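Engineer: Letter by letter, the chains look like this.
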Amino acid sequence: MGDLKTNLQILKNACVNPRLQLEHYLAQGKKVIGCFPPYTPEELVHAAGMIPMGLWGGNKEPVLAKSYLPPFACPIMQADMELGLMGAYKGLSAVIIPTLCDTLRCMTQNWRFGMKNIPMIPIVYPQNRKSPASIDYLVDEYETIAVMMATITGQMITEKALGEAIDIYNEHNAVMNNFAMTANEHLDIITPTVRHSVMKSAFFFEKAEHTAIVKEIIKELQALPVHKFTGKKVVLTGIACEPDELLKVLEDNGFAVVGDDLAQESRQYRTDTPVKGGGAMKRLALQWNARHGCSLVHEDGKPRGSMLLKLCQATGALGVINCLMKFCDPEEYDQPYFEADLKNGGIATLTIEINQHSASLEQIGTRIESFAEMI
Amino acid sequence: MDEVKTATVDTPAAPPAKPKRPKAKSMIMIGEQTKALFDSAIAAKEKGELVGWSGSIFPQEIAETLGIVVLYPENHSAGIAARHQADPFLQECEGPLGYSNDLCAYAKVNLAYATVLAGKSSVELPDGGKMVKPDFLLLTNNICNQLTKWYENLARQLHIPIFFIDTCYNPWDHVTESRVRYVRAQIDQLIADLSKFTGKKWDDERFKEVMKISQRNSYLWERANNLMDRKPAPLSGFELFNYMSCMVCNRGKESTTAILEQLNSEIEKHIADGTSTYPTKENYRVSWDGIACWPYLRHNLHTLKEYGINMVASSYGKAWAIEYEDLDGMARAYCFASTNGDNATTMISRRLEALKKFGCEGTIYHVNRSCKVMDCQMMEVQRQLSKLAGVPFTSFDGDQADYRNYSEAQFETRIQGLVEVMEQNKGGK
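Quick mapping for you: the protein sequence lines, in order, are chains A and B.
Oh and the first sequence: position 130 is 169 in my numbering, straight run, nothing missing.
Oh and the second sequence: position 348 is 552 in my numbering, straight run, nothing missing.
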């Protein structure tokens with residue numbers, strides 16, 4: 040167990056070089072499942088005794104992936120395909136792909152034919168969550184995943200193991216949400232870059248291990264005096280805010296991130312699996328039905344704007360930065376409505392385009408500078 | 205086989221202009237049916253009845269059974285694009301409304317049109333507003349996920365409810381029973397909810413009649429498509445796009461039966477007389493993959509005609525040939541209707557069957573900038589299909605409704621290249 044600086048560095052290292060984490064687990068004789076974003080049912084992987092590891096692309100210009108995806112496909116999918124084809128994911132026992140957008144639907148097939156040495160397990164979430172039948176349907180999808188994983192492990196998931204996995208993930212959610220609150224008292228240490236690596240790094244650890252590290256970080260932060268932050272507080276929304284150089288631009292302009300609605304960060308931690316309501320598989324399905332405020336999950340009324348307004352009020356943020364993943368149509372449909380809702384609520388907004396492998400930081404920097412002056 | 209992208213053959217001289225042939229009776233009937241649908245929507249509004257907008261592969265039979273008038277935004281946007289009227293709507297959507305230009309152009313045209321209907325935009329409606337303001341939305345996502353987002357936005361903009369059937373993507377080669385049960389439960393719920401909302405009563409006997417009509421129409425539609433297997437084909441393949449509105453918007457209506465019976469008899473007459481509506485000698489037979497490039501349909505057709513290329517099979521039109529016998533069957537059929545909702549294996553097998561059946565010598569892929577679900581696995585499908593069928597393919601960049609995403613020169617060059625390989629193949633046979 041290390042000090043605050045060491046713990047933060049461990050999490051940062053995992054984000055910078057996830058391959059090392061993969062090798063670390065493989066060296067322990069563990070099997071690892073690649074989890075495409077977002078909302079892969081990691082609890083099932085955990086319960087199967089394997090390590091779920093997030094596949095969130097990276098700074099990788101598509102070369103090989105050009106044979107599978109057109110230039111206007113999501114940059115994360117382009118990078119995942121590229122990294123897969125170049126062998127960066129060697130060692131994974133399988134990948135799970137949730138078909139939450141049109142590009143992800145196609146990725147199941149591109150992976151299936153392009154990456155024959157790493158099997159693909161699809162998960163098709165129900166979108167008409169008002170229909171009670173969506174629960175039985177989703178349980179069936181989860182059971183299919185469980186069976187496919189049993190072909191890798193040779194064992195079926197037990198009710199006990201899934202129940203324990205759910206408890207571990209619920210605890211992790213609580214710890215991550217606690218971290219997000221605690222971080223706001225220490226914005227001198229938890230800069231946008233540091234916050235991002237703590238939130239994202241969970242994808243590269245066995246969850247109980249990650250929980251333990253983040254708990255220590257929280258404890259160490261709480262032992263420090265509260266920092267009086269005098270800069271500008273913002274909330275981030277979107278799929279992801281990367282690369283680090285972009286977050287550095289926020290820091291350089293006096294911004295602190297005091298909350299987020301990023302699929303790569305808080306969206307995954309804000310919905311617990313209910314502790315009651317049936318067997319573990321059914322409860323996991325009920326968690327899906329409780330997810331909210333996300334562009335990839337159908338809801339009536341476009342509630343994201345009001346949700347972001349509440350988050351700004353709770354955190355004292357004066358602005359929201361929309362980190363719009365390039366070519367992400369679900370996010371693009373949400374943008375006009377949540378921006379209008381925020382504007383009506385007196386919250387300033389800025390949209391920046393996120394492209395992990397060709398970020399035009401200079402142009403974004405100028406816009407962030409103007410935004411800083413505005414708020 | 206590799207994709208054909210270059211060419212060295214010379215363009216043959218265009219044949220002398222022929223006098224315009226009279227419109228087929230079935231085409232006149234289609235025009236009348238389309239007008240009748242829009243008129244019925246206006247009449248329903250005047251009577252104080254509720255009118256809906258619907259996704260293109262929503263089980264139309266439900267609204268038909270309840271006697272509700274429903275209009276189709278995708279079909280309407282395609283019409284606006286084909287008539288070169290999309291520009292002010294695209295500008296409005298990407299400008300004042302704040303939408304990204306990355307989005308589906310059918311959606312962009314429709315969202316801007318809806319804003320005019322809501323009294324919040326002054327874009328002139330070229331059709332006088334015949335696509336009347338909806339009171340509810342009927343949504344299925346078997347065509348794509350974007351439709352779900354598009355309808356979420358319409359619902360919020362117009363303060364109207366969505367009635368949704370989530371059909372679920374099929375990553376497997378079949379529709380799982382769990383999907384059928386989920387979709388069936390949604391159909392039952394939707395019938396109850398829609399009946400309550402509109403004040404209309406569900407009648408099982410009427411549904412059986414509508415289902416029978418719909419099945420007859422699916423049969424006739426498929427038959428008309430299948431008659432394109434004759435060599436030379438009795439129709440210019442692009443003409444079948446014109447009949448799609450009767451399957452998309454009027455699948456459960458007897459007026460569609462009349463149109464398709466007429467179409468079938470016209471095709472049979474061509475076969476008997478040894479004639480064709482294809483205006484020149486059919487030198488090559490190809491399949492067309494993807495939605496029509498509506499803003500440039502004329503240019504597509506003209507370019508293909510120069511080489512005597514007839515499009516005898518399309519991956520797209522047959523999505524509306526939906527066959528079933530009861531509500532469970534309906535649930536399964538609508539899950540499996542569109543190849544957009546199916547895995548690559550299903551997609552490839554359907555296309556391979558068509559290439560063989562229709563004696564296609566090549567495939568033209570429309571890389572439709574509006575449609576990620578069609579484009580993002582197309583390259584793998586192209587490779588596998590070309591290898592299995594042994595026919596060359598080419599692709600071109602275009603859009604179903606955004607005129608800015610197309611280059612006439614590129615289309616011409618790609619077709620030239622395809623012709624070169626098809627010609628070589630003919631020589632080798």
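Mixed in with the good hints, there may be bad ones.
[Stated by the list, open to error] In the DSSO-like style, the derived pairs of lysine-lysine whose C-alpha atoms are separated by at most 27 angstroms in a straight line are:
#1 A:LYS169 to B:LYS400
#2 A:LYS105 to B:LYS324
#3 A:LYS99 to A:LYS70
#4 B:LYS435 to B:LYS227
#5 A:LYS155 to B:LYS591
#6 A:LYS199 to A:LYS321
#7 A:LYS169 to B:LYS337
#8 B:LYS405 to A:LYS169
#9 A:LYS169 to B:LYS404
#10 A:LYS382 to B:LYS324
#11 A:LYS70 to A:LYS169
#12 A:LYS44 to A:LYS271
Rather than coming from a laboratory, the hints here were simulated on the basis of the structure.
A quick note: this is a predicted structure, and the numbers were derived from the prediction, not measured.
Engineer: If a hint holds in the structure, say so; if it does not, say that too.
Structural biologist: So, going through the hints one by one against the coordinates:
1. A:LYS169 to B:LYS400: With a Cα-Cα distance of about 17 angstroms, the restraint between LYS169 (chain A) and LYS400 (chain B) holds, given a limit of 27 angstroms.
2. A:LYS105 to B:LYS324: violated (42 angstroms)
3. A:LYS99 to A:LYS70: At roughly 25 angstroms apart (the allowed maximum being 27 angstroms), LYS70 (chain A) and LYS99 (chain A) satisfy the hint.
4. B:LYS435 to B:LYS227: Measuring from Cα to Cα gives roughly 23 angstroms; hence the hint holds.
5. A:LYS155 to B:LYS591: holds (18 angstroms)
6. A:LYS199 to A:LYS321: At roughly 14 angstroms apart (the allowed maximum being 27 angstroms), LYS321 (chain A) and LYS199 (chain A) satisfy the hint.
7. A:LYS169 to B:LYS337: holds (26 angstroms)
8. B:LYS405 to A:LYS169: holds (23 angstroms)
9. A:LYS169 to B:LYS404: holds (22 angstroms)
10. A:LYS382 to B:LYS324: Holds, at about 18 angstroms.
11. A:LYS70 to A:LYS169: Since the Cα atoms of LYS70 (chain A) and LYS169 (chain A) sit roughly 36 angstroms apart, the hinted pair is violated (cutoff 27 angstroms).
12. A:LYS44 to A:LYS271: The given pair, whose Cα atoms are some 24 angstroms apart, holds under the 27 angstroms limit.
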